[in-house]
Every structure is written in structure tokens, then in C-alpha cells.
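Visitor: Sequence lines, in order, name chains A and B.
Numbering follows UniProt numbering, in which position 585 of the first sequence is assigned residue number 585; successive positions increment by one, without gaps.
Numbering follows UniProt numbering, in which position 63 of the second sequence is assigned residue number 63; successive positions increment by one, without gaps.
Just so you know, not all the hints are guaranteed correct.
Intra- or inter-copy, both count: the list cannot distinguish identical chains.
Below, a list of computed lysine to aspartate or glutamate pairs in the EDC-like style, where the Cα atoms sit at most 20 angstroms apart [claimed, not checked]: (1) K169 - D199; (2) K619 - E451; (3) K169 - E614; (4) K619 - D147; (5) K551 - D147.
Source of the hints: derived by calculation from the structure; they are not laboratory data.
Each chain, written out:
2 protein chains.
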Amino acid sequence: MNAPLNIKDPLVLFMPSGKRGNFPLGTPVLDAARQLGVYVESVCGGRATCGRCQIEVQEGNFAKHKIVSSNDHISPKGPKEERYERVKGLPDGRRLSCSATIQGDLVVDVPQDTIINAQTIRKAAVDRHIERNPAIQLCFVEVDEPDMHKPLGDLDRLKVVLEHDWGFKNLQVAHHLLADVQKILRKGEWGVTASIHRDPEAEQPTIIALWPGLKNEAYGIACDIGSTTIAIHLVSLLSGRIVASSGTSNPQIRFGEDLMSRVSYVMMNPDGREAMTVAVRQAINELTDKVCTEAGVDRHDILDSVFVANPIMHHLFLGIDPTELGQAPFALAVSGAVHCAASDLALDFNQGARTYLLPCIAGHVGADAAGATLSEGPYRQDKMMLLVDVGTNAEIVLGNRNRVVAASSPTGPAFEGAEISSGQRAAPGAIERVRIDPATLEPKFRVIGSELWSDEDGFAESVADIGVTGICGSAIIEVVAEMYLSGIISEDGVVDGAMAERSARILPNGRTFSYLLHDGTPRITVTQNDIRAIQLAKSALYAGVKLLMEKQGVDHVDTISFAGAFGSFIDPKYAMVLGLIPDCDLSDVKAVGNAAGTGALMALLSRDHRREIESTVQKIEKIETALEPKFQEHFVHAMALPNKVDPFPKLAEQVTLPPRKVLADAAAEGGGGRRRGREGRRGRE
Amino acid sequence: MNAPLNIKDPLVLFMPSGKRGNFPLGTPVLDAARQLGVYVESVCGGRATCGRCQIEVQEGNFAKHKIVSSNDHISPKGPKEERYERVKGLPDGRRLSCSATIQGDLVVDVPQDTIINAQTIRKAAVDRHIERNPAIQLCFVEVDEPDMHKPLGDLDRLKVVLEHDWGFKNLQVAHHLLADVQKILRKGEWGVTASIHRDPEAEQPTIIALWPGLKNEAYGIACDIGSTTIAIHLVSLLSGRIVASSGTSNPQIRFGEDLMSRVSYVMMNPDGREAMTVAVRQAINELTDKVCTEAGVDRHDILDSVFVANPIMHHLFLGIDPTELGQAPFALAVSGAVHCAASDLALDFNQGARTYLLPCIAGHVGADAAGATLSEGPYRQDKMMLLVDVGTNAEIVLGNRNRVVAASSPTGPAFEGAEISSGQRAAPGAIERVRIDPATLEPKFRVIGSELWSDEDGFAESVADIGVTGICGSAIIEVVAEMYLSGIISEDGVVDGAMAERSARILPNGRTFSYLLHDGTPRITVTQNDIRAIQLAKSALYAGVKLLMEKQGVDHVDTISFAGAFGSFIDPKYAMVLGLIPDCDLSDVKAVGNAAGTGALMALLSRDHRREIESTVQKIEKIETALEPKFQEHFVHAMALPNKVDPFPKLAEQVTLPPRKVLADAAAEGGGGRRRGREGRRGRE
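Work out the full structure: start from the sequences and follow the hints.
Guide: Next up, the structure:
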């Protein structure tokens, strides 16, 4: 701290940061916070007009801190603060820290409005607190009028006062403001609010926007560009509050369902890259329209934006040809964090808005994985955390504060219902939950759009309109796991044809057998090939995890975080029964929703989080599964349910696993043709 | 210097800088230069392929420096240098300083190729040496190939090697390169040349261009945007040589001849500002085409550009509405130096090219005056220098190393032949020189396009095609001065009607008299009103100079520099006879040509000159003539020839001034209606 330490001066403790210091009587609370590096917003620069610098005094005897804090230890409201209260209102107990001065020992609470909307970050950490330190600052100033004796330009006098009042040195100016500065200054009668972009990694402090008078709100966009879905948050940069969230399909789907087919589209079509770049940027502009309309926000008040994406989406969004990512050595054009103007990306925000992209970890482990890593923070804690983002390439991060390793595994699209005979996307009519009675082998299920199980009264009526149309990703996991638990399939994943004697649901299907899940229109069966597809996908994922565990020298993980939409809907128990994830106490497995998007939000609200993930990504060790000799061995072992060699002791405590049953693998021959080379799957969504 | 000082180590002296130091045996000469801060260009980074780092050893006993220097004290050519010599040639005595190492005491000459083309900088300092330190650097590097084990992006590995080989930290990248970096690296087989823009006042070091392989040339543009003429130099940034120069009329003339009428055009026409901005930028692009074609240069090799202009041209070029400059308090939108991308100004150079505009001094003293100040450098010397740029507003700078003051004076367009009954622009047929015989009152003159005086044999034939069409600016000065010297007009500028008895060339003209200069078609006369216009213009200029002299507390100036085209053509003697400039030894009056353009060139070639003029402009005291109570008094005194009160002793030593002759000022009544308020003239070209 800069204030002279005088033990006779009052002691002030700021919460929740816990920073403390002694300050002379009469020091404005805002000044004390600044000197301690406690972030308290202020736009008006101490004029008691913006109301952003509110604090609350905590009353009581804080014995631990040796502070007796009281509202008597802060100055009474002066005329400026009273005027603010009268005109704009001030909640009970709140004070403007620019006006209230220290009159004795204080415990000061800086109210934290940052709450991640629970609905949009499904099942994720609600009430997460993100300490704000945004790259955008709003600064109200009063500029000297022109003086013929000191003919400094209008912009130059603006810079002088911004340096004088706010401490910005060597200020740059966004070029488009040159043409506007005179009108804005005159319209504001020489009182204007400047928006400063300050991120020393990107540029010198720069005036990016200017408004006449006091501008008291600014927004940012945090966006996760998934191959399938684009998700966006509109956030107040001054309070940290999410004011609206939305999502939309990635329109690039029309150029190719999965990543690899989009890369192929670029290679085949001269304008393919451009078309996909335009499509994704346009989708983001439309989503922005949507969240702005919902929140009643002018899109030109958006001043900053942060994006995460997998490497191919990242490159296409930036206008980079992703062809190199389609083949070894999977070279990224740029892996580090990208800073640019939003207008460079044709984003229709404020003309001076800035954009930040989180760094990519490797050619198949993108800025989305970096965002999830920032959000979940394996490197911030002691436990060995496995973070899995099951998109299509699964991105896997394993580590703790000592060391973090990362890889991607080519799981393919089976987990999302593709390559499954009755598979479909999660939509009304899709089966999402399955149970099989081990005695009768009869199933029951639930479909999206109905609250009832299929064996409950009224089920047929409840799905009369939507139908029962297919199996979505989460149910595929469950039905295969239940088939295994009920003995329909062996440890090796072979449907036991002998069971056909016990149940009419076991149907011959060429040289293999299927399981009839629902005898309607359409008929929904689980075929031997479906099971093979799931086995291939899960063993790819598990083999990747296993490699990382070997790198870390551990035989188990302490916690598992499942990121992504898929992770939000699957039941960890069934995932573990299948051997998709390693053995772990089920209570330590959690779905963390769109952790990548949460990471984007954190980087939007704090430059500290940008530096944090940039330095973390540099330290993460990247494992290229294709180059690891043991991958194939792990892969083969992982084809078994849950695994040929690895025990699942914690799972066994909670679930009765069937006795081992090995069948002649007729199906393996039938399904073998589909077991393509791994490289062929690489990069698929 | 950084090398350990060891007196046993060889001593190396670099010329012309005079920097010296001791270096261990075997130190490459280039490294020694770098350690001493001697600027030696190098693109290839010591690979002996670019040939930019050439030096020469001076042989002999340099007793003053206690150095015996010899080519034996430098290593013989190694294989790399020999290869360069064989393939590209090396002039006699030249060595590549990256390869040649120190083997004994040396005097090393760093050849200076910087020569300002004498033809383009008319009558200006030829062979001016500008110490180079350009904002653009070319750096050849060899980038590591992609490695799946260390999946750093291509661009990121480029940054790593640029930091390692060239020391650039926290490098930024021009956004458009993201899409190109992979192709360029592969095309260059991982050897590429990056262009770095390094000007800490503007931005962090930034990669603005990238080429496969070794790129060994880069260019810059230095441009003076005058109200009438745009002048441009195309310059090699690696050698400092001007490779082509050109000029063109400012196309904004079609919107208004003088500055004030262009401001009016903006005020009257909603799209006026935009139209004039487009026009001037387009003209610069066309001029660029012209110089590039002439020099065989690809315009995309232009990486930097520097512009000077008067305030209104400056604002229109930047796309700023100049309306505020048309009225008190003449507020500039921006007065400080402007850094931006050339593409911000629609300049069609390399996509990543940068632009720098010199600072403006005041609302009427522009970046052109700053350029002239940088070129002539009154602040660099002890003598009291008067620097006058007679455009239309005359921009006046007076000072020495202790103090510099500046002002503009509203001279109006009379000096350029406007407002003169027979006035015309300098073009074939225009009278450019005039003498009047004091005995006979007969004139002789020369016209542009003929080498003969009008009283010489063959004159009529020599002008048969071009005619004698009018009087240009330089001749107006001469004819009025000659009329005064021959007694045709009085000290007060009144044509003496009594002289009509002596010469038929004195013609009655209403209540006043005219002088018949040429009795042809057209008839060319100098009217009383013409003389009044010149008197008004010259007294405005002189009154401004006088104010500055008073601010400086001097009664005379030591030297006078006349900048601008007008300054290049007028005869200082006649200017002084008219009292346009203060008394001074005629040998200390010089024309310096387009000093503003020379200043732009200096700022293009050296960032040090940018800093120099930026800090100088901050220190220059600006005098607003309109606010000075004594201006009117000086103005009235200056109406007399040469001046009512100020003596011209040095002029009198060289020219016989006529005895004082005061006539009744009948003309003053006639001419009074034309003596408009000063504000009405302000801002006119």
C-alpha cells in the first residue's frame, strides 16, 4: 500500500478481499480501496453522480481482526451524496465510497453483484464470484475549453485531463474517434465519458469510445463457439452481472456436420473458408441482437468481447484456413491469445469494441478447453482433477497445482447419437433415460417432452403428440450400460444370442443380435453395431485419460468434472459402468455445464484471468495421443466393459457389476469393418 | 557501451558518429556498432545474405584518436562473405560488418547513402544527412517447424524467434497477417522476413508485414499536402535514398480555391467533408502510383508514411470536419502527432503500412510549419532565425535554442497573384522578373518560358507562342518594389499622378493612377488597388513577424529562411525593399524550398526526429495575432514602404532607397473599401 503506515490512523479492512491498511482520518473510502488495490468501480471520478462506487459498512466487533466497525466511523452523507440518494436512490446501508470518508476503524463490504445466471450455466457453479478487473474502464472527465493562447487540440486536452484525473499515460485513440471528438465534446458541454481499453498485453491504453456527458453502463460479450452450438452471454462490465444469455445452432453445420467435413469443405471449395467465416460471424451478430433485445441494451454499448472455440472453429472465426489442422502435425496458425478489434472480425458492436480469444492448448485442444481449464482450475488446487469436455473430439485435462497435462481423444460423434442406428439429437421424442429389469430384460424409458416413465400410467397419452422417435446421447450411454448390467451383453460388448430364449426383445440381425427397446413407429433397437460404436468412442476417451494418468504417475483421479452439454445430461454412474471415465467416488463426479463459456466470462470480467490462463496454457504439457505408443494398448483394453484390466473398486461399492461373461466375438467380425484408422476420425466433431 | 572495457582490447572508432569503444578480438564489427548504438542496417541477422551492413575500414594513422587503422586489423573475408561478393557483388573496400571481425584498432566508416535529391528540394540543403532510425525494421528469421510435442502455433514460433534473434518482446501482429502466416512460412520453407513497426509512442512492437524468404527492400512515403500542391517523396527505408519524387495539384481546388472557401464548402454541403477527404486521399494514391512506376517499386512495399499539412488540409485528410478551424477560437480536433494505419486513411500501400502525421503547432500553424521547423531547426542553434512559410496564411516561426515563438498571419492570396488585376499563377507567359529604369520609368521584364529580358533582341519571337499573359507572385513583389525604388509610388504606396508628365506609362484610372507594364494583349497594368493588396498582405506578414520579435525581445533577426514555393522564387532583396521581411544581411536570407516536406522526410527516416519535433512543438509559444493589441499598430506602420518606423540599415547598405515622398492619399479612399476586417481574411490560402 502507498499510504503512510501509521498505527494511530484508523484501520480499514475490505471484504471479501481481506485487504487492509491504515489511513489518515478523512481519507475517502474509495481512495483507501484504490491504494490497497481493491477494485471498486467508479465512472464519475468522485463526483457522486455515477453511483458505481457503493460500499457497505459492516457493524460489529470483529475480534479476529481487532476491529470495532460502526457506521459512526464513516462520515455522514454530505450534500453531493444526499443529492445522489434523492435523485437516483441508494439502498439501505449503502454509501458512495467516493464521498464517504474514514472517521475510525472500519470493515467495509464491497458488494459483489457478479452472479452467473443459474439457468444458462446448467448445473454449474451458481453464485460463482468473479473478482472484476475488466479491460474496459469508463471515465467521466471535464475537459478544458479551447484557448487561443494554448492551442492544444480538443483531443489533446481530453488526453491531458484523462492523465490528470485517471492516471493514463501515453493514451492512444481509436482512429474513428478523431472525426467525432469535437462534436461529442461540444454536445457534452466539455463533460464526456471516455472508455479506455487497458490491456498491456495488447496495446497501450486506448480511448475506444466517447460519449457526451456521463455514460454509466457498458457491456461485454462472452461467447463459446461450439461446432454444433454457439452460446453467448451479455454481461454488464460495470457490475459483472449477466443480463441475458442465448444460444443458436452453428450455421456452419450446412457446410459439414462435423469438424473434419468442414475442413474438407474448405479444401474442396475456393470460397469455402470465407463462407464459413461469414456464417459464424453473422450468427454471432444475430445472437447479439437477440440478447440485446431481450435485455433492452443498445448493441453499440458493447465494448469488449471474449471468445472460446475449438481450434477449427477458432481459426474459421478468425478467418484462417484450418486445412493445416486437418493433418499431422496439426499446426495451429496461432496458439497464443489473440487481441484484436471487434471490427476486424466484422462484429457489429461499438465501433471501438475490442475482442480477446483465449489461447489454444494444442492443435486439437482449443481455446474452449483453455476456457474450461480457467473455469474449473485444476491448477488452482491440490486434488488430481480430471476435466473432460465431451464434444466430439473429447478434450481432456488432468492435473493439480503441481502439473497439468492435456490431450484430445478422437471419440467421434457416437456420443451425440450419430453413427447409432436409432440415434438422434436431444429433442422432444428422443429417449433420454433407460432402465432394464435384469430379471425380465424388459425396459422402461423416459422421453424428452414427458415427465413419465414408459411403464407409468398415462405415458402413451403424454407422448401422443411428440412420439418416441429415437435415442439421444445420454440414453445411448444408459441403454448400453443397462444391457451390460442386465447381462444382455458380455464384458466384450457382444449381445448374447442365447438370451433370445429368455426374451423376445433379443432379435437376430444377420450374424449378430439386437435389443428391441421400443416396438413402435419407428421401431427402436440397439444393434451390435451401435454397441461397437459406443465401445470405440468410449475406449478412445478412456485411453486418452489413461495416457494422461500415466504421465501424471497416478492410478486414480480424485475428482472428475464433466463439461459440455453431453456432460450435463449423462448419469456419471452409467458413464463409469461403461468405463468411459476412470473409477472415482461418484460424489466426486460433477457436471460443470458450459465451463468453456464460464472461462470466457471470467476472461471478460478480469484481465487477471487472461494472464492466468495464458501462463497456465504455456505450462500445460500437451500429449499427442497419436504419437504415444501405449495408446493402442489402452484403447484395446478399454473396449471391454468397463475395462479389460483396470479395476473399478469405487464403482463396485455402489453398483453390482455382472460376473464376467466372455462370448465368441462373432460380432467383432461384423463390426470390424467400421473400425477405421484413428487418423480418419481425428478432428471429427 | 556494454562490452567490458579492457584497454588491451582493440579500439574501434565509428565514423561519422564518432562513437568509440574497446572490443575483444574477434568481435563482429556489427556487434560492436550495436553495442555503441551506432545504427547499421541489417535484415538477414548476420547471415551475410542481405548486404545491408556494409562498412569501410579507413586506413592510416589517426593521431588525434591515437588509432593506427588498417585492413590488416579486420578479419579476411570468410566463405559466407565471399559467397555474397561472388553472387551480389561488393564495392571495393566494402566489408559486411556481420562477418568481418575486429583483429586490431580500427577506424570504421559507416557509408551514408542518404542524399536528398537536389532537384526536388529546390535550392534546399543538398547532401543533407539524416541519421536513420526508422520506425520500420526488416528482420529475416528461421522459424522452427511445427512439432506435435510442442504444439505452439506457427505465429507463436515466429514470435519466439523474433524475440530470440532480434530482441522484440511482447510482439503484436497486424490482424490481417493471421490468415496468411501459415502459407508464408511454408512458402519460405520456414525462412521469412518480418517487418516490425516499432514506435513506442504509437503501439507495442508489431509485425505489420511478412514475406517468404529474404525481403531486402522497404519503402516509405513523405508527403506535404499543400492547399494548392501535394508533393511526395518515395524513399528507401533501408538506405534513406529518395528514389522518386513528384507533385500534383490538390484536387480539392475544385471545391474552393482557398482554405476558407473549402471550409465554407463543408459547412454548406452535407457530403462536402467526405468529398474533399476522398479527393485528397485519392490524389495521394495516384501520386504514389506515379512515383512507384517511375522508380519501379511495388506500392505494396511501402510500409511507412509521414504527412505534413496545414491544419485544414490535415483535418480533411484525416476525415475531420474543419469547421471549428474557420472561426475563433480556431480549435483543432487534434494537435498532437497522429499515428494510425495507412489503411485507416484509405491509402493503398502495404496492407499493414503505418502513417504518422507531425503535430500541428496551433489552429493556423500546422504540421507543415512543424515540418519546416524540424527541417530548419531554429531550436538547434544559437542565432535568432526567422522561418517564414508564405503559403497564403504565412506561418512564421522565430527563435533559437533558448526559445521559439510562432504565429500565422493572414496575408491572403495576393502574393500568389490572386486579387491582383493582372495576376496569374506561375505558368508560361507569366511575368516573373521586372526592372524599372528610374530615369525613364521604362520597364523590362522576363516571362516564364523565355530566357530573354523584354528589351533583348529576339524577345518577341521567344514569347510568340506563349504570349505575355499576366504577373505571377514573384514579379508582383518586384514590380511594386521597383515602382517604389524608381519613385513611381511614394513611401505610402500611392502612385504619383504627377509622374504622368514624365512617362506615358503612368495612366489615370478613375481617382487613382496605374502603371502600364506591358502594352500588349492583354494590357498588363499595376493598379493602385494592386499595390494596396500587396501592402495589406506584406503588412500582415511583417506585423506578425514584429509581434514575434517583440515576444523574443529582439530588434533584428540574424537569419531568415524562406520556405515554400513562393519563397524559392522571390528575390530577398525586393522582399526586403517592400518591407515584407525585417532588415537582415541579404546573405543571411535563404530560400529553403519545401522545408515542410523535408521535415516529413526526416520524421520518416528517424523516430528520433519524431520525438524531437513533438517535444519542440510542445515548447513553442504560440502567438495568436488576432488577440495581440499591438498587431494593429504594427500593421499600420508596415503599410509604408519598407516601414513607417522601422529602419532597414543593412538593406540601405546594399540598395539605394528613395528619399521620403508623401503624397495625399487619394488612393486610400478609393482602396479603403477593399480593406476588409482581418477576420474575413483569416484562413484564406
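Visitor: Please go over all the hints and tell whether each is borne out by the structure.
Guide: Status of the hints after comparison with the structure:
Proximity of K169 to D199 under the C-alpha cut-off of 20 angstroms is found in both arrangements, the shortest distances being 13 angstroms within a copy and 15 angstroms between copies. Taking the shortest Cα distances, K619 and E451 never come within 20 angstroms of each other, neither inside one copy (47 angstroms) nor across copies (79 angstroms). Taking identical chains as interchangeable, the C-alpha atoms of K169 and E614 lie at most 20 angstroms apart only when they sit on different chains, with a minimum of 16 angstroms there against 26 angstroms within one chain. Taking the shortest alpha-carbon separations for K619 and D147, only the inter-copy value of 16 angstroms comes in at or below 20 angstroms, while the best intra-copy value is 55 angstroms.
Proximity of K551 to D147 under the C-alpha cut-off of 20 angstroms is restricted to the inter-copy arrangement: shortest distance 19 angstroms between copies versus 69 angstroms within a copy.
Violated hint: 2 only; the structure is consistent with all others.
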